[in-house]
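Visitor: One letter stands for each residue in the lines below.
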Amino acid sequence: MAEIIVRNVRKEFGDFVAVKESSFTIEDGEFFMLLGPSGCGKTTTLRMIAGLELPTSGEIILDGEEISQKPPSERDIAFVFQMFALYPHMNVRKNISYPLVSQGMPRAQVKEKVAEVARILGIEDILNRPVGGLSGGDRQRVALGRAIVREPKAFMMDEPLGALDAEFREHMAEELRALHDRMGATTVYVTHDQLEAMQMGDKIVVMNNAVVEQFGTPQDIYDAPATMFVADFIGSPSMNFLGFNGTVSPGSGSVALNGCEMGVPELREAAQGDLVFGVRPEHIRLSTDGAYRGEVLATEYLGTTQIVTLDTPNGEVKARVASDQPAAMGETVGLEFNEQTVTLFDETSGRALRSKLNEGVLGHG
Amino acid sequence: MSAHSITEPTDRAKWIAGGLVVLYALVTMIPLAWIMLTGFKSPADAISYPPKVVFEPTLEGYVNLFTTRTRQTDDFLAANPPQNWADEIVRQYDMVIVGPSKFGERFLNSVIIGFGSTFLSVFLGTLAAYAFSRFKIPLADDLLFFILSTRMMPPIAVAIPIFLMYRNLGLSDTHLGMILLYTAVNISLAVWLLKGFIDEIPREYEEAALIDGYTRFQAFYKVVLPQAATGIASTAIFCLIFAWNEYAFAVLLTSATAQTAPPFIPTIIGIGGLDWPAVAAGATIFLLPVMIFTILLRKHLLRGITFGAVRK
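Just so you know, the protein sequences line up as chains D and V, in that order.
In short: position in the first sequence from 1, add 202, done, that's my numbering.
In short: position in the second sequence from 1, add 136, done, that's my numbering.
Be aware that a few hints might be false.
Stated by the list, open to error - Cross-link-like lysine-lysine pairs, in silico, DSS-like; alpha carbons within 30 Å at most: (1) D:Lys296 - V:Lys188; (2) D:Lys272 - V:Lys358; (3) V:Lys435 - D:Lys296; (4) V:Lys272 - D:Lys272; (5) D:Lys315 - V:Lys358; (6) V:Lys358 - D:Lys222; (7) D:Lys313 - V:Lys435; (8) V:Lys358 - D:Lys355; (9) D:Lys296 - D:Lys272; (10) D:Lys222 - D:Lys405.
Unchecked claim - Counterexamples of contact, computed for chain V against chain D with all Cβ distances above 12 Å: (11) Ile152; (12) Gly154; (13) Pro218; (14) Asp411; (15) Ile421; (16) Met427.
No wet-lab data here; the hints were simulated from the structure.
For every residue, glycine included, the Cβ atom is placed at its ideal position computed from N, Cα and C.
Can you build the whole structure from these sequences, using the hints too?
Guide: Shown next as structure tokens:
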């Protein structure tokens, strides 16, 4: 098991830049998520770590060794593909034992190893079946078996749950996480599903347009997004953006939103012009007498909570409130924001303004 | 009347369809059956009119095909009684067998040249198709078009340049020359067909093998080739059929040593008058290798013809 350092890695395909200089560190034993919309460069980054693509420039350090230009066979990294990529002309046992055979491991030992892995994954009874007729979940387990059987330094997983149906995906996600915790293996996991990333990851890298937008723990990323993209991409419904024009200076703790003074975490930098007041739906309370008011456009009932959509002077806002709180369409209500959770952004650059809330998080982003 | 689904044919429709297929198969098989039967007819039966369907079978055609014979005087015939059943057959025309004909040799040439060029076409075609399918090759599309363009005219159009070239290179009437020639003609077909098949094999299989510690070539050999077996088999059949049946270049470029069966079979006609049973026997034997090869690979061939039609 090993630490992986990705330093200034860049990948070009002809004129197309798939990944711009990106850096992050994956610590030993971490379950590390590469998150982003399709085409953002996350899979390319994963493939560069595995050796299926060679970076145009930059360094990848695995366990203290620079490996960025080495062939995959010399990296000792396992890869689980989205479509599983089980060898279709071999049965389950052969698929799992294939990486061991390439190492020239003696037969008896291979047999023992395969049996052990099959026991861990609960697939002992299908070892002699061809892979063609297996269910999605079993294919997934065989693919995992092929990855864990040789005890590699790290696992790369490219949307391994993407091919499973929704119901089974959750179950498999738990199984994967449990497997990781038992083996303590460094795992890099690519997904476009923010929920999956939050639920499974120790750390998350959010990528967009070939750039690393933010890197940190799920909680840091959720509470203190570094950019508007991250704020928007993570969370459902996503963060509300209230645009306003104003001036802020270091040390100030409030902004004027349509004439109403709104508290924000104490700012650490100055900015002026088009700014954005970002607040998560669950940090909005509805009140009858609040000064800042909005009209209820719609409500969505979700069981314990409801999502109330409101029209405010600074744009549409979604609030997550208790479902027993009355909110009738057409009614005008007051909005109160949990001021310690607000993030201000510069609208042009999309970057979060540094404040008491996020100064610790943005430091290492 | 029982309910049936719209997509599932009714029993009656199945019977009609089946009947039509059988009828078509019979029609197409009549010439083949004709040739095979004629091989076992006597020369008189072979040309009788109306044609005989029921006749007394004889191996005369096959004996004539494989031997050369001379007419002898009555004294000689009396002094040398027939040694075996083949002798007996030729005695009825006052002839004796003096030696083997060249058919065996020509047939062997066909086997060497046909299978040799098929192997070479498929071998080179697979490697080239893999490269075109998987690697970024500069001007790949132009190269592929260039390869295909060799098919845009009948090969015989370049017969004269090839004839002169082969004479200068000393390749005329050699096995190597014919193998190279048929390979050159077949390779464009092989590359294009196989590229289609290899394109269909997901790259992930090889990538998985690379990750599992295999080299690029091992991944190709152990993972891609088994997946491409269908394509390779059907490509091999098409290549073999061309090389096996090719007549024009064989007539032009071969005579003594490397002559294949197609130009040889018509010459049988001249040896002892119009010996149709011997010609038919030659044609029958000539058909067998391709037939056996195709039957052995027919599963792959079927998949090969319909490949790409249904997405897995």
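Visitor: Now tell me, hint by hint, if it's right for this structure.
Guide: Hint check results:
1. D:Lys296 - V:Lys188: Not OK: Lys296 (chain D) and Lys188 (chain V) at ~60 Å, beyond 30 Å, violated.
2. D:Lys272 - V:Lys358: 22 Å, holds
3. V:Lys435 - D:Lys296: 25 Å, holds
4. V:Lys272 - D:Lys272: The given pair, whose Cα atoms are some 19 Å apart, holds under the 30 Å limit.
5. D:Lys315 - V:Lys358: The given pair, whose Cα atoms are some 22 Å apart, holds under the 30 Å limit.
6. V:Lys358 - D:Lys222: 36 Å, violated
7. D:Lys313 - V:Lys435: With a Cα-Cα distance of about 34 Å, the restraint between Lys313 (chain D) and Lys435 (chain V) is violated, given a limit of 30 Å.
8. V:Lys358 - D:Lys355: Since the Cα atoms of Lys358 (chain V) and Lys355 (chain D) sit roughly 25 Å apart, the hinted pair holds (cutoff 30 Å).
9. D:Lys296 - D:Lys272: Measuring from Cα to Cα gives roughly 27 Å; hence the hint holds.
10. D:Lys222 - D:Lys405: 20 Å, holds
11. Ile152: Given a closest Cβ separation of 34 Å, the condition holds.
12. Gly154: Fine: 30 Å to the nearest Cβ keeps Gly154 (chain V) off the interface.
13. Pro218: 57 Å, holds
14. Asp411: Non-interface label stands for Asp411 (chain V): nearest chain D Cβ at 51 Å, farther than 12 Å.
15. Ile421: 36 Å, holds
16. Met427: At roughly 28 Å from the nearest Cβ of chain D, Met427 (chain V) sits farther out than 12 Å, so the non-interface label holds.
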